[in-house]
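Here's the letter readout for the chains.
There are 2 protein chains.
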Amino acid sequence: MFLAKIYVTYKPSILDPQGEVIKSALHRLDYTDVNSVMQGKYFEIKLEAKDQRTAAKEIEEFSDELLINVNMETFTYKLSEISSVEE
Amino acid sequence: MFLAKIYVTYKPSILDPQGEVIKSALHRLDYTDVNSVMQGKYFEIKLEAKDQRTAAKEIEEFSDELLINVNMETFTYKLSEISSVEE
Numbered sequence: 001m002f003l004a005k006i007y008v009t010y011k012p013s014i015l016d017p018q019g020e021v022i023k024s025a026l027h028r029l030d031y032t033d034v035n036s037v038m039q040g041k042y043f044e045i046k047l048e049a050k051d052q053r054t055a056a057k058e059i060e061e062f063s064d065e066l067l068i069n070v071n072m073e074t075f076t077y078k079l080s081e082i083s084s085v086e087e
Numbered sequence: 101m102f103l104a105k106i107y108v109t110y111k112p113s114i115l116d117p118q119g120e121v122i123k124s125a126l127h128r129l130d131y132t133d134v135n136s137v138m139q140g141k142y143f144e145i146k147l148e149a150k151d152q153r154t155a156a157k158e159i160e161e162f163s164d165e166l167l168i169n170v171n172m173e174t175f176t177y178k179l180s181e182i183s184s185v186e187e
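Top to bottom, those sequences are chains W and C. The numbering used here puts the first residue of the first sequence at 1, with every later residue one more than the last. The numbering used here puts the first residue of the second sequence at 101, with every later residue one more than the last.
Honestly, I wouldn't trust all of these hints.
Label pairs and their calculated CB-CB ranges [to be verified]: (1) W:L29 / C:H127: 14 to 24 Å; (2) C:Q118 / W:K78: 19 to 29 Å; (3) C:S113 / W:N71: 33 to 43 Å; (4) C:T176 / W:K11: 36 to 46 Å; (5) C:E165 / W:E61: 15 to 25 Å; (6) C:T154 / W:K57: 35 to 45 Å; (7) C:D164 / W:N35: 38 to 48 Å; (8) C:R128 / W:I14: 22 to 32 Å; (9) C:M172 / W:R28: 19 to 29 Å; (10) C:Q118 / W:M72: 16 to 26 Å; (11) C:T176 / W:S36: 15 to 25 Å.
Here are the simulated DSSO-like pairs of lysine-lysine, each with C-alpha atoms no more than 27 Å apart in a straight line [said to hold, decoys possible]: (12) C:K146 / W:K23; (13) C:K123 / W:K23; (14) C:K178 / W:K23; (15) W:K46 / C:K146.
FYI, nobody ran anything at the bench for these hints, they're computed from the structure. Treat the numbers as computed from the prediction; the structure is a model and nothing was measured. Glycine included, each C-beta is placed from N, C-alpha and C at the ideal position.
My request is simple: use the sequences and hints to build the entire structure.
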């Protein structure tokens, strides 16, 4: 069993309105030393695969296909093998 | 300047309907070896602070106060010092 941690962020050229709103809210709460806020998505996905390479290929495929908007977003991921009994 | 990477997830006892929907969609796309999907949020926040300890304290405070719903969600974070000129 493999665990993939997938981090989805906006591409650098894309505006992140949610991040801007959160930054403004933090400033209003007096956290004025916050310079920038980027809000993205985070997925933890467990999957069966015969080896790490197969798992990686599958993750890259379905992330592009389903998890992200390829025009606006990009992703990175970390993959590790876990014991099947692990929760 | 510090960079905080903050990962927000549901507490274990809380249902994650979005994760379930994504899992079903992956199964329909024939990614049937996906066992579980958890969808959370991911923030990258840059802030000025006099030292790492001050930055950590601030991040813990404002995450509880603004970024998460403390009844349903929990968070972890990684903090690193970055050069101010770094993009």
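Okay, the hints, checked on the actual structure:
1. W:L29 / C:H127: 14 to 24 Å: violated (42 Å)
2. C:Q118 / W:K78: 19 to 29 Å: holds (21 Å)
3. C:S113 / W:N71: 33 to 43 Å: holds (37 Å)
4. C:T176 / W:K11: 36 to 46 Å: violated (25 Å)
5. C:E165 / W:E61: 15 to 25 Å: violated (39 Å)
6. C:T154 / W:K57: 35 to 45 Å: holds (43 Å)
7. C:D164 / W:N35: 38 to 48 Å: Since C:D164 and W:N35 have Cβ atoms about 21 Å apart, the given range 38 to 48 Å is violated.
8. C:R128 / W:I14: 22 to 32 Å: holds (28 Å)
9. C:M172 / W:R28: 19 to 29 Å: 24 Å Cβ-Cβ, so the 19 to 29 Å window holds.
10. C:Q118 / W:M72: 16 to 26 Å: About 19 Å separates the Cβ atoms of C:Q118 and W:M72, which means 16 to 26 Å holds.
11. C:T176 / W:S36: 15 to 25 Å: For W:S36 against C:T176, whose Cβ atoms are near 20 Å apart, the range 15 to 25 Å holds.
12. C:K146 / W:K23: Between C:K146 and W:K23 the Cα gap is close to 10 Å, so the pair holds against 27 Å.
13. C:K123 / W:K23: violated (32 Å)
14. C:K178 / W:K23: With a Cα-Cα distance of about 19 Å, the restraint between C:K178 and W:K23 holds, given a limit of 27 Å.
15. W:K46 / C:K146: Violated, because 30 Å separates the two Cα atoms, which is more than 27 Å.
Consistency note: the structure conflicts with the earlier hints numbered 1, 4, 5, 7, 13 and 15.
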